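Chains as they are written, first to last, in my numbering: chain A, 1 to 164; chain B, 1 to 164; chain C, 1 to 164.
Just so you know, these hints were derived from the structure itself, not from any lab. Misleading hints may appear alongside valid ones.
Examples of chain B residues lying across from chain C (beta carbon under 8 Å, computed) [claimed, not checked]:
| hint | residue |
| --- | --- |
| 1 | Leu13 |
| 2 | Val17 |
| 3 | Met71 |
| 4 | Val119 |
| 5 | Trp120 |
All figures in this text were calculated on a predicted structure; none of them were measured in a lab. Ideal placement from N, C-alpha and C gives every residue a C-beta, glycine not left out.
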Amino acid sequence: MDDEGVEERVTALENRVRQLEDQLAVMRLINSWGPAVDTGSSQQAAGLWDQDGVLDSDLSRLEGPAAVSAMVESEGQRALIAQGCAHVQSAPVITVEGDRAAATSYSQVFLHSKEGHEVWRVSANHWECRRTPDGWRLTKRLNRVIDGTSASSTVLAHAFTATL
Amino acid sequence: MDDEGVEERVTALENRVRQLEDQLAVMRLINSWGPAVDTGSSQQAAGLWDQDGVLDSDLSRLEGPAAVSAMVESEGQRALIAQGCAHVQSAPVITVEGDRAAATSYSQVFLHSKEGHEVWRVSANHWECRRTPDGWRLTKRLNRVIDGTSASSTVLAHAFTATL
Amino acid sequence: MDDEGVEERVTALENRVRQLEDQLAVMRLINSWGPAVDTGSSQQAAGLWDQDGVLDSDLSRLEGPAAVSAMVESEGQRALIAQGCAHVQSAPVITVEGDRAAATSYSQVFLHSKEGHEVWRVSANHWECRRTPDGWRLTKRLNRVIDGTSASSTVLAHAFTATL
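Full structure from sequences and hints, please.
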């Protein structure tokens with residue numbers, strides 16, 4: 001047997017497995033956002049973000065974990081939680097390159113109402129993440145409501161053009 | 001080449017690949033629930049569950065595969081299917097440890113209506129599974145409607161606190 | 001150390017890793033559909049399809065990438081985009097066998113409205129794909145609205161019966 005051949009194959013496998021782990025880690029990061037904000041877990045929500053992370057939506061612009069935490073503890077978010085809200089992400093289109101990743105997803109916010117639940121807001125999302133010593137963290141989220149204007153289209157187009 | 005080094009790396013890879021396979025298997029298990037109940041496939045729905053599995057929702061408490069099967073064949077579920085229903089799961093936050101796994105997800109039930117479809121119910125879900133000789137099976141599902149009360153919040157918090 | 005033993009284990013790992021990569025590639029393919037059609041990216045939408053691919057829904061039957069492209073550029077689709085539309089896929093149940101794959105998912109189309117967003121259409125989907133020299137491509141999509149008739153049930157049942 002050619003020992004070097006096996007070692008090369010093992011190295012190749014290690015790289016491929018890391019890619020797969022990274023994709024699932026990014027998916028987990030994005031899917032953790034909803035449970036954090038819908039339970040008012042400001043610390044958990046903030047902990048998903050990199051120190052320099054920016055959440056840029058048409059509702060607000062949050063810079064850094066502390067701003068994320070403050071949003072989760074805000075009166076507005078508390079009112080949504082008291083009504084019953086669900087921030088649901090669709091399964092994203094993920095691209096991982098080295099220590100950077102990008103993902104495109106749809107998000108839906110459902111609110112409890114007398115008749116059941118209503119769809120309050122459907123948005124386009126572009127996420128960026130980086131690998132830190134503590135695991136993957138969010139560095140950027142662009143969030144634009146899908147209302148027929150071009151802003152959401154620009155966000156969704158990242159699914160095809162993401163460069164890291 | 002250091003043969004022992006390669007063997008250790010192969011063993012490490014086997015463990016990492018198993019983790020990835022387990023995560024996708026758990027995802028598949030959870031995503032199979034909707035197609036089973038929406039087609040009235042009572043046997044398929046029951047087959048997702050462990051013998052000791054419990055589905056605990058604010059609508060009912062089902063203990064074991066036979067109770068799941070009976071629910072799928074019930075008049076209530078038949079009425080939902082006749083109207084047109086879709087039990088949709090969001091991509092879950094999954095934690096696998098050895099032969100146990102936990103997952104947190106949102107579920108939405110859409111019902112067909114004259115104007116299109118309405119969102120009947122949006123819920124928080126905590127799932128637990130175990131590895132059996134026949135593959136992963138559900139051992140527990142907590143399901144609570146998201147209506148502003150604390151029950152759903154407790155369920156969603158499992159995304160951050162799941163211990164197996 | 002038994003060299004042949006290690007080589008066998010590496011070969012087994014390569015097959016398992018390929019399975020995992022294939023599953024994530026199929027997921028990415030399916031999740032790319034929404035961003036393509038909601039941004040009017042006809043070329044990107046067409047590029048997801050195999051030359052012989054067929055999109056068979058209760059709204060239309062599209063044969064081949066050119067037909068897909070024409071649909072995305074159609075007046076009807078442009079009107080949906082101008083209103084604000086989101087074609088969201090649920091996380092699918094995926095089966096990969098060699099160079100073929102099948103997946104079952106729910107899709108929801110949300111439309112922007114004065115009150116927020118409405119659920120226009122919830123459907124059952126069965127997808128088939130094949131591995132090409134350029135990566136995985138869609139060969140078939142069956143899409144049936146979930147309205148209580150048996151057509152959507154037949155599509156969803158593929159989650160349990162898919163043979164490739």
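Against the structure shown, which of the earlier numbered hints fail to hold, in ascending order? Of the numbered hints, 3 and 5 do not hold.
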